[in-house]
Amino acid sequence: MPVLVADFEVARREFSVRVNVQVRPGERVALLGRSGAGKTTTVEALAGLQRLSRGEIRLGGRLLSSAWYPTADVPPGRRRVGLLRQDTGLFPHLTVLQNIGYAREADPAAARATAERLGLGALVGARPRGLSGGEAQRVSLARALQAKVGLLCLDEPFTSLDRPLSVELLELLRRELDGSGTSAILVTHQLEEAQAFAQRLAVLHRGEILQVADARDLVLRPASREVAELVGYRGWLSSGPQTMGLHPDRVYPVAAADDWEISARVVGLVPQGARIELELEAEGRWRGRFRCRSDRSVPIGELMWFACPGAPIFRTAEQHRGALSDP
149 MPVLVADFEV ARREFSVRVN VQVRPGERVA LLGRSGAGKT TTVEALAGLQ RLSRGEIRLG
209 GRLLSSAWYP TADVPPGRRR VGLLRQDTGL FPHLTVLQNI GYAREADPAA ARATAERLGL
269 GALVGARPRG LSGGEAQRVS LARALQAKVG LLCLDEPFTS LDRPLSVELL ELLRRELDGS
329 GTSAILVTHQ LEEAQAFAQR LAVLHRGEIL QVADARDLVL RPASREVAEL VGYRGWLSSG
389 PQTMGLHPDR VYPVAAADDW EISARVVGLV PQGARIELEL EAEGRWRGRF RCRSDRSVPI
449 GELMWFACPG APIFRTAEQH RGALSDP
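Using my numbering, you'd call the opening residue of the sequence shown number 149 and step up by one each time.
Rather than coming from a laboratory, the hints here were simulated on the basis of the structure. Where a beta carbon is used, it is the ideal one built from N, C-alpha and C, also for glycine. Warning: the hint list may mix true and false statements.
[Said to hold, decoys possible] If you anchor each label on the Cβ, the simulated ranges turn out as follows:
id, residue 1, residue 2, range
1, Pro-223, Ala-261, 27 to 33 Å
2, Ile-424, Arg-275, 48 to 54 Å
3, Gly-327, Pro-419, 39 to 45 Å
4, Pro-457, Ile-424, 34 to 40 Å
5, Ser-164, Pro-223, 45 to 51 Å
6, Arg-323, Pro-457, 32 to 38 Å
7, Asp-365, Ala-215, 30 to 36 Å
8, Val-402, Arg-210, 56 to 62 Å
9, Ile-424, Arg-210, 39 to 45 Å
10, Glu-264, Arg-210, 29 to 35 Å
11, Gly-184, Ala-403, 26 to 32 Å
12, Gly-184, Pro-218, 23 to 29 Å
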């Protein structure tokens, strides 16, 4: 049985955010989308910070929000839904340990144990003003975990941190969630972050969930061009009403032509660490530009053949919508 069941709509000026959400106990879900897609609106609605224009939200069978019975809405502080943002929201007059144990009915011994697990043992007596950005975010994370909520929503809390530190904190968070069995929804615009954290990914575009899948299926089988662009497809070849999407990591140079192979001429080279990304202009049945990563430099103007196994093909004006529900 899902711990979170929510089917709701929130009206915004540009568009309405329509979400159908079911999250299982202990499941980690990522809500992936560009800025302005409606991701923050979604988790704010779950946390009780947005009024619903349609539908309802239930956590553990308990009604939290209803567009039809707004007087039954549970206040944010009583919903057992945590919301962690970039702004740590630490109390400046409290120590690290007091901030972690601030949650209602918090056990001081458990708060200290959480501080130790998150590498804050030596800082329990410090005040927030003496902490680095990474340390402050650890304290905020520890406080959210200590609150023992039924659902933890994370609105890009590590975006402002250096990448190595954000990766470390995300891994730490994942281990803590697995240990406690807490369900969580991570808001992010970064595919790598979503893949590292979540068991399922939901792609949100202008308030609509376009596709829900695990990390691998989302890249291999994007349901629409919007999804494909978000997960790294950077080449688009057209042939009549059809459009083929090509991912730089899934295009391979080959020695000879075959039915589904594409001829293309090298028109540019872009260094990518130890590799080179070739910019290519397709010739023949499929027309357009795409990219391919290579271990060797190739002369500009050279004509090559490329294999594109499993490349998704979309028809003009094709639309896909999905719901984040149990498979």
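The hints, checked one at a time:
1. Pro-223 <-> Ala-261: 27 to 33 Å: holds, 29 Å
2. Ile-424 <-> Arg-275: 48 to 54 Å: holds, 50 Å
3. Gly-327 <-> Pro-419: 39 to 45 Å: holds, 42 Å
4. Pro-457 <-> Ile-424: 34 to 40 Å: Roughly 21 Å apart at Cβ, these two residues miss the hinted range, so it is violated.
5. Ser-164 <-> Pro-223: 45 to 51 Å: violated, 24 Å
6. Arg-323 <-> Pro-457: 32 to 38 Å: Check passed, 35 Å falls within 32 to 38 Å.
7. Asp-365 <-> Ala-215: 30 to 36 Å: holds, 33 Å
8. Val-402 <-> Arg-210: 56 to 62 Å: Since Val-402 and Arg-210 have Cβ atoms about 57 Å apart, the given range 56 to 62 Å holds.
9. Ile-424 <-> Arg-210: 39 to 45 Å: violated, 56 Å
10. Glu-264 <-> Arg-210: 29 to 35 Å: holds, 33 Å
11. Gly-184 <-> Ala-403: 26 to 32 Å: Taking Cβ atoms as reference, Gly-184 and Ala-403 lie about 45 Å apart, which means the hint is violated.
12. Gly-184 <-> Pro-218: 23 to 29 Å: Holds: the Cβ-Cβ distance is about 27 Å, inside 23 to 29 Å.
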